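Undergrad: Residue strings, one per chain:
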Amino acid sequence: MRTLRSAFLTAALATTLASGVARAQAIPFDIEAGYRFVSVTGNEEMYRSQINDREGFLIRSLHIGTDEKYAGFPLVDKVRIDGADLGAGGAGFLRMEAGLSGAYKLQFSYRNTQFFNALPGFANPLGLSVGQQTWDRTRQQYNVDLEILPGKVITPIVGYTSNTLSGPGYTTYHFGEDEFQLSQNLRSNDQEFRVGAAFNAGVVSGEVIQGWRKYHEIENDTLVPFGGPGNNAAPVLGKNISANTLTTSSVTDVNTPVTSAFVRGFALPNLQISGFYVRSNSTGDDNAAEGASGSFASFAISRFFTGLSGTSSTAPTSLSWRAGGRAEWHVMSGLDVSAGYTERDQTWDNHALLSELYTGTSTFTGFSLADFQALTTTQTNLENREKIADVQVSAKALGPFGIRVGYSRINQDLTVAEDPAEIVVPGGQGGTYSRSINRYEGALTFSMYGFNLMGEAAYDDADAAITRVDYLKRNRERVRLTWKGLNWLTFGASAFFLDQKNEDAGPLNVYTASARNYTADLTVNPTKWLHVSGGYAKLKSDSSIPVRVPQNFTTFESVNAEDGELWQAGAGFTWKEFAVDGFWSRFNNDGTYLFRMYRGGFRADWTATAHAGLAVEWSVDNYQDFMMASQSYRGDRLGVYLKWRP
Amino acid sequence: MKHLSLGVAAAALAVLTAGSAAAQAPAKPAAAKVEAGPACADCHDEANIFASNPHAAAYRASHNGAAGNAVCETCHGDGTKHMEAGGDKSLIRTLHGRTGADTCQTCHKQSAERSSYWNSVHASSEAVNCLSCHSIHKPGFKQKSLLKSDPNPLCASCHADVKASFTAEPNAHRLKDGVMSCVSCHDPHGRAANHAVRQTRSGEPGCVNCHAEKRGPFVYPHVTGVAGDCMSCHRPHGSPYPHQLTRATVYTQCLECHSTLSTGTLGSQPPSFHNISLPRYQNCTTCHTAVHGSQRNPQLLK
Numbered sequence: 224m225r226t227l228r229s230a231f232l233t234a235a236l237a238t239t240l241a242s243g244v245a246r247a248q249a250i251p252f253d254i255e256a257g258y259r260f261v262s263v264t265g266n267e268e269m270y271r272s273q274i275n276d277r278e279g280f281l282i283r284s285l286h287i288g289t290d291e292k293y294a295g296f297p298l299v300d301k302v303r304i305d306g307a308d309l310g311a312g313g314a315g316f317l318r319m320e321a322g323l324s325g326a327y328k329l330q331f332s333y334r335n336t337q338f339f340n341a342l343p344g345f346a347n348p349l350g351l352s353v354g355q356q357t358w359d360r361t362r363q364q365y366n367v368d369l370e371i372l373p374g375k376v377i378t379p380i381v382g383y384t385s386n387t388l389s390g391p392g393y394t395t396y397h398f399g400e401d402e403f404q405l406s407q408n409l410r411s412n413d414q415e416f417r418v419g420a421a422f423n424a425g426v427v428s429g430e431v432i433q434g435w436r437k438y439h440e441i442e443n444d445t446l447v448p449f450g451g452p453g454n455n456a457a458p459v460l461g462k463n464i465s466a467n468t469l470t471t472s473s474v475t476d477v478n479t480p481v482t483s484a485f486v487r488g489f490a491l492p493n494l495q496i497s498g499f500y501v502r503s504n505s506t507g508d509d510n511a512a513e514g515a516s517g518s519f520a521s522f523a524i525s526r527f528f529t530g531l532s533g534t535s536s537t538a539p540t541s542l543s544w545r546a547g548g549r550a551e552w553h554v555m556s557g558l559d560v561s562a563g564y565t566e567r568d569q570t571w572d573n574h575a576l577l578s579e580l581y582t583g584t585s586t587f588t589g590f591s592l593a594d595f596q597a598l599t600t601t602q603t604n605l606e607n608r609e610k611i612a613d614v615q616v617s618a619k620a621l622g623p624f625g626i627r628v629g630y631s632r633i634n635q636d637l638t639v640a641e642d643p644a645e646i647v648v649p650g651g652q653g654g655t656y657s658r659s660i661n662r663y664e665g666a667l668t669f670s671m672y673g674f675n676l677m678g679e680a681a682y683d684d685a686d687a688a689i690t691r692v693d694y695l696k697r698n699r700e701r702v703r704l705t706w707k708g709l710n711w712l713t714f715g716a717s718a719f720f721l722d723q724k725n726e727d728a729g730p731l732n733v734y735t736a737s738a739r740n741y742t743a744d745l746t747v748n749p750t751k752w753l754h755v756s757g758g759y760a761k762l763k764s765d766s767s768i769p770v771r772v773p774q775n776f777t778t779f780e781s782v783n784a785e786d787g788e789l790w791q792a793g794a795g796f797t798w799k800e801f802a803v804d805g806f807w808s809r810f811n812n813d814g815t816y817l818f819r820m821y822r823g824g825f826r827a828d829w830t831a832t833a834h835a836g837l838a839v840e841w842s843v844d845n846y847q848d849f850m851m852a853s854q855s856y857r858g859d860r861l862g863v864y865l866k867w868r869p
Numbered sequence: 009m010k011h012l013s014l015g016v017a018a019a020a021l022a023v024l025t026a027g028s029a030a031a032q033a034p035a036k037p038a039a040a041k042v043e044a045g046p047a048c049a050d051c052h053d054e055a056n057i058f059a060s061n062p063h064a065a066a067y068r069a070s071h072n073g074a075a076g077n078a079v080c081e082t083c084h085g086d087g088t089k090h091m092e093a094g095g096d097k098s099l100i101r102t103l104h105g106r107t108g109a110d111t112c113q114t115c116h117k118q119s120a121e122r123s124s125y126w127n128s129v130h131a132s133s134e135a136v137n138c139l140s141c142h143s144i145h146k147p148g149f150k151q152k153s154l155l156k157s158d159p160n161p162l163c164a165s166c167h168a169d170v171k172a173s174f175t176a177e178p179n180a181h182r183l184k185d186g187v188m189s190c191v192s193c194h195d196p197h198g199r200a201a202n203h204a205v206r207q208t209r210s211g212e213p214g215c216v217n218c219h220a221e222k223r224g225p226f227v228y229p230h231v232t233g234v235a236g237d238c239m240s241c242h243r244p245h246g247s248p249y250p251h252q253l254t255r256a257t258v259y260t261q262c263l264e265c266h267s268t269l270s271t272g273t274l275g276s277q278p279p280s281f282h283n284i285s286l287p288r289y290q291n292c293t294t295c296h297t298a299v300h301g302s303q304r305n306p307q308l309l310k
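One line per chain: the protein sequences are A and B, in this order. Going letter by letter, the first sequence gives residues 224 to 869 in my numbering. Going letter by letter, the second sequence gives residues 9 to 310 in my numbering.
Calculated from the structure, these hints are not laboratory results. Certain hints may be false.
No more than 20 Å apart at the CA atoms, straight line, and that leaves these computed lysine to aspartate or glutamate pairs for EDC-like [what the hints assert, rightly or not]: (1) Lys152(B) to Asp253(A); (2) Lys152(B) to Glu320(A); (3) Lys184(B) to Asp828(A); (4) Lys222(B) to Asp572(A); (5) Lys437(A) to Glu221(B); (6) Lys184(B) to Glu278(A); (7) Lys222(B) to Asp476(A).
These numbers were taken from a predicted model, which means no experiment stands behind them.
Pulled out of the complex, with its shape left as it was, chain B reads as follows (with noise of 0.2 Å):
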């Protein structure tokens, strides 16, 4: 399936490959419907980049290839009296701020279940708002989403504390390589409960989207994501200890759940054989290896 996947892979970019070198300049874009008087580009360089920009192509496409100030205007307004009083910046709408943002979400408004636009985690501010992560004319091309720059740099410019856990603990995801950042977990349109984490399209926690084998079901589970999750034992952000656990030895890591010291709570008391004075049942894990839930064998064992 490797194999298949790859060669599928491989005929998509050939074709597009053979397709870019059979070009030898773009074509022009259709003809824009002729208009009279001055055009946005005339003063405004925006203008013309943005004749590459999604947004300037979804509107050709919906407007049979129609262009020029027409697609200015659906963002900024009607632009005639901006140009006739030589560009006076009060008299065009501007996408800044709060209000900015209201522009945005008159086609941007459709919810998910578990996104919004209008009441997601970062739902518009003066604060935070759209131009705080997007560039609508402008991005570099290297960005995806028009953002503004790497997803990573951005969030860390306000999640400050969070970047210093990725830059300081010497166990933690792979972020500064790209194939994971803060957007690979968290959904920056997501709404705010629980930090606007993903999950996968039936639920369980995120994590298993890319760690599958710890799904299950299993005959023997453990923590599953019923009583506890992922974040019980593990801090996704970094941590001091091996395989980003939450506690520097695993039998403490182990013991503060299974300590039956008070009744009413799930997590058994390990036999008196447990002599965790002895390096044999310190580390749990050399006898439990299954703690993720196994098939087979009720103390985890295998």
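Chain A extracted, bound-state conformation (with noise of 0.2 Å):
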């Protein structure tokens, strides 16, 4: 219903838009708008967590601009609408700007995003066919920023973002030594409010903005019906584990000020100094309560129990700052030196007081026992520390050739404070860290002939991992080519090498992971009205790690691979009043997770006037898993779409 209605909402602002314009004859405007048919085979829960592509009216691009003034409007010299998949789509969005040359410039954009999930395979311990953890979600995005007298001396800023996240779901609830399949009901507002002023003093400038952001959550979660026997379905310590009932809610409000302030300043006319300085301190407040009746059991209290009741209030707080400087010297054309030093440090210092109270208690022996309820109070915090130096140069003008060479350098230091309630086995869970990267990147490009050849390389080399799948030695290398030098014919290539390594930590934490990305391009033009396309790629990669097995300290490899191959194919062409697009392309993983996936498609255009025309458009998607047949599916969609340019 909610999407319904923003559906209708969005093709009455366009239509009211559009017949505004279309009286006015002369702005600039394009609308494409129909229908869109859907039809699933297979696995329909995958076609949405996967493309999510839905039936319905939809507005399939919009656009209108002017950057003329119009008699009658004197307030506007430049307005344009984008707009793109509203209505029906899994992602549209609406975005406006608007402004007259020196009084002010306004930008609003609204995105709306459908989220859906229901993997079959993904976190569903029994191996059934719907996954335990699903949702569908719908995420509202608007932004809007005014800046009223651009370019002058002061120019005032205001802006406002929100982002909404809401909509049904499902999730799993650890609980009694079981878990339980809960539906949830989940809607966050993240807003911020912003208001400050940039400056323009010649060869002094900059911008100071004060924000203040708002983050609200509200959850609440009951168990489905028939979820009471749980996942679990062997007794525990010889008693069936059950649930009668059991809702949990909690609502989160974080409010956080953001300050930035960014000052420029050109020493001399090739020579620009800058610096920064932002602060951001959340606090927030968290309380939750949950209830449950039933028969559980707890390994941290040693009983079972019938029901629980409980609460907890949290109070999580963030304060960080970052500041830093830049000079920047064009020293001739053609020539550029950078260097820049940033520090950023992050504190998190959180305290947490739950409560729980027991009820129905008795010894795993089966002995009676009053209620029982428990206390916790936490405190956990964590300190980042980053300090960042880097140089670049690049040297452009050598003919043909550019090279761009430079080195940086990033110290952190992570201090986290060990949590006695997470510890259940010693290790790993705070302590203090430091870890060095030295980085030396370089670039080099080439141009002539109609041929472009881009290179770049950056080598890494770090002292210490802070996590195991840390690096110590990573090599990334990249080559592209494209030539240009006929006029019907282009051709690109590109490969991709990445190697990284953690094996001085130890012969127990060798970490090895790399990429092989091959690609290949041919488009050919004989003539205006026909275009031909065709590409490869090889999408290799690779990892390995040991690990250890939990239940009985052993370890084993874990070993990643993907082993891909995309084959595509395109043509088109034009004739007349007619233009005809089609593409193909099929892709294959011989990795660790075998499946096959075909997408293909065409759109035919027909011009009948030169203010209106027909557009239809096929697309399939098909999915193949070859580790779980039921989650393949083949996705059809054809959209038929009346064309509009009055």
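Grab the two chains, each in its own frame, and use the hints to assemble them into the complex.
TA: Set out below in structure tokens:
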């Protein structure tokens, strides 16, 4: 209903706008709207999790724009409105820019994104056909920015952002030594109001913005019908675990003032000095309650129990700041030098008070006991300090060549306080960690006779790892080549190599990862009315690291491999008022997870008159899952759209 | 608040619509300075098209409505000799290549904290320069920022491997619909460090610009951008695996960090009742649902 309402509102706005513009007859305007049909065979849940194109009315694209001042409307000399995929689209947007030169500049954007998740094989311990963690949510984002007197000495700036995620879902909940499925209703909203000013005093300019971010989240979960037995059918210490009722609710608020300041100045016409300071201070407040009745066990209090009433009140806080400066010297045409330093600090200091009243308790041997109340207070904190220094030299006036070399050093100091409540197996919960990374980067470009060659490389050398998958050495190289030597032929190729290792932290902690990607594309335009293209890509990655098996403390090698091959082809032609474009691709993954994905489609355009036309668009995704055949699907979409350009 | 926002948007659009409806024809531009001699537009159609270009509008606004050849000469220099020679191309400044970019940068030279026209990842060379992506005179009217075409195909013309990943992988951000594009996450004028990925104003990974509920702070944080970041577990350019994860199974994703096989790294060991030979324990997130951070459970169970 919400989506339908949004689509209707959007359509109404667009129609109103279109009629107004149509009467104006002069503002460039272009809309394509119609109806999309969807047909899915196979696993529709999987289709929606990956594709989620839906059936219904759709504004495929909308463009309105002018840079001219119009008689009768002196307050605007620039209007630009763009939109796409509004209505039944899985991800739609509407964006507007309006302004009057030297007076104001207004930007507005709206995004609507559909999130659907019901993955049969994911977080689904019993291998059921429908995943237990599912959701069908909508994210609505709005952003407005207004600059007054842009480009003048002082430019006041005000802005507002809203980001709302809401909708139903299902989640799992670990309780009483079993997992239960709960229906979940979530709504979160993140807003920011900001006000500030940019200034431009000739050689010195900058911007100061003060923002107030407010996050509010409400979540209410209840046991699903017939969810009482839980996931675990086996008794726990001889007792069947089941829930008659199970509810949780929580309200989270986080307030964050954010201050940012940036100033730049030209010490010399070709020497730019800049500095910045940003500080944000989050203060959170989370209150939650849970209640349950049934037959449960708790290893934490070593008892069975029949009911629980719990509350928690927590206060997460975060203070972060960063500051830095940079000098950029445009030595001469084609030669630039840049050096910068940034220091950033993040401190999280959190408190929690949890109260849990267990009722109907008994020992594991069956003796009845009084109600049991557990009060827990915890305090967690974390501090992270990073210092980053970098220098870069670019020499680009070397005939057809250009070179960029750079060096940066990153020092990180991290302190995490151990939380006693977390420690089950000692080790790895906290401590002080330091890591320094030396990074050497370079790039080479070459351009001549229609060839464009770009190569870049980065080599990282770290002295320690903070997590096991951090690298100690990482090499990345990339080469790209394009050739447009003939008007009717374009060729492109690329290669990417990545190798990273952590082999110096002891023989039991050897982590290796690599990637090899190769692509080749060819486009041929033998005539103005025909184009044909083809491409091939190899996407290969491997990683390996020993991990410890929790239940017996043996080790095994966690190996991940992707070995994908992509073939794609496309063709299109135009003839008088007709145009047709088609594409096809096949991706085959022979790595750890075996699957094949076919994608294809075509679009036919008929420009009936200078102002109107028709478009027919068909696309298909055919996912073939060789690990779990029940996840396969084929989704066909057929859209018929009217094009109107008054 | 949603309705309020929609109301504001609707009002703004209605005002614009009313204004445009009232207009029957574009007003003539303010009287241009009368110039003697030939005009650029006599030979170049672009000069007429250019009248509606933001560059021309900005020039008129800052020069009391003056236009004509002066606008063209801002970038191309004095065209008198070019005209006298019957259009000799060698006698007029063009904006092609690296040296052409120098002309653009006489105005577009101011750096920001993370972006720079002088030193960005795409800093002007003969191979990549302003005209590689921007069409100064005749952008399609559907394109903003005077881009030659939609951002995605522009970026893909060089970054073919990234395009291939988005095309191939079944789990990826939806780039085809326009709501997201490469520039949603990357700043094409950003500095080379960290792939010119955008961050929030307060410095978090740009991911939380959309995924705001993952920002925290949390009483019991997990990765949070401190030890690792979103990319420690997710592949933004597409993945074979659900939720764009980097591993095919959840327990390998988690255990690669959560194995205390070496000292001195952060990441605790799961206790021994986690029998990963059983399906119940293979999907860690069945119980540890709050993997992005929890406000009330140290094991991220809720």
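Undergrad: Determine for every hint whether it applies to the structure shown.
TA: Consistency of the hints with the structure:
For the given pair, Lys152(B) sits about 15 Å from Asp253(A) by alpha-carbon distance, which is consistent with the 20 Å threshold. Distance restraint check for Lys152(B) and Glu320(A): the Cα-Cα separation of roughly 10 Å lies within the 20 Å cut-off, and the hinted pair is therefore satisfied. Restraint check: the Cα-Cα separation between Lys184(B) and Asp828(A) comes to about 19 Å, which is no more than 20 Å; the hinted pair holds. For the given pair, Lys222(B) sits about 18 Å from Asp572(A) by alpha-carbon distance, which is consistent with the 20 Å threshold.
Under the criterion of a C-alpha separation no larger than 20 Å, the hint pairing Lys437(A) with Glu221(B) is consistent with the structure, at around 12 Å. Under the criterion of a C-alpha separation no larger than 20 Å, the hint pairing Lys184(B) with Glu278(A) is consistent with the structure, at around 17 Å. Note on Lys222(B) and Asp476(A): the hinted pairing holds, with a Cα-Cα distance of about 13 Å set against a maximum of 20 Å.
Consistency with the previously given hints is maintained throughout, with no hint failing.
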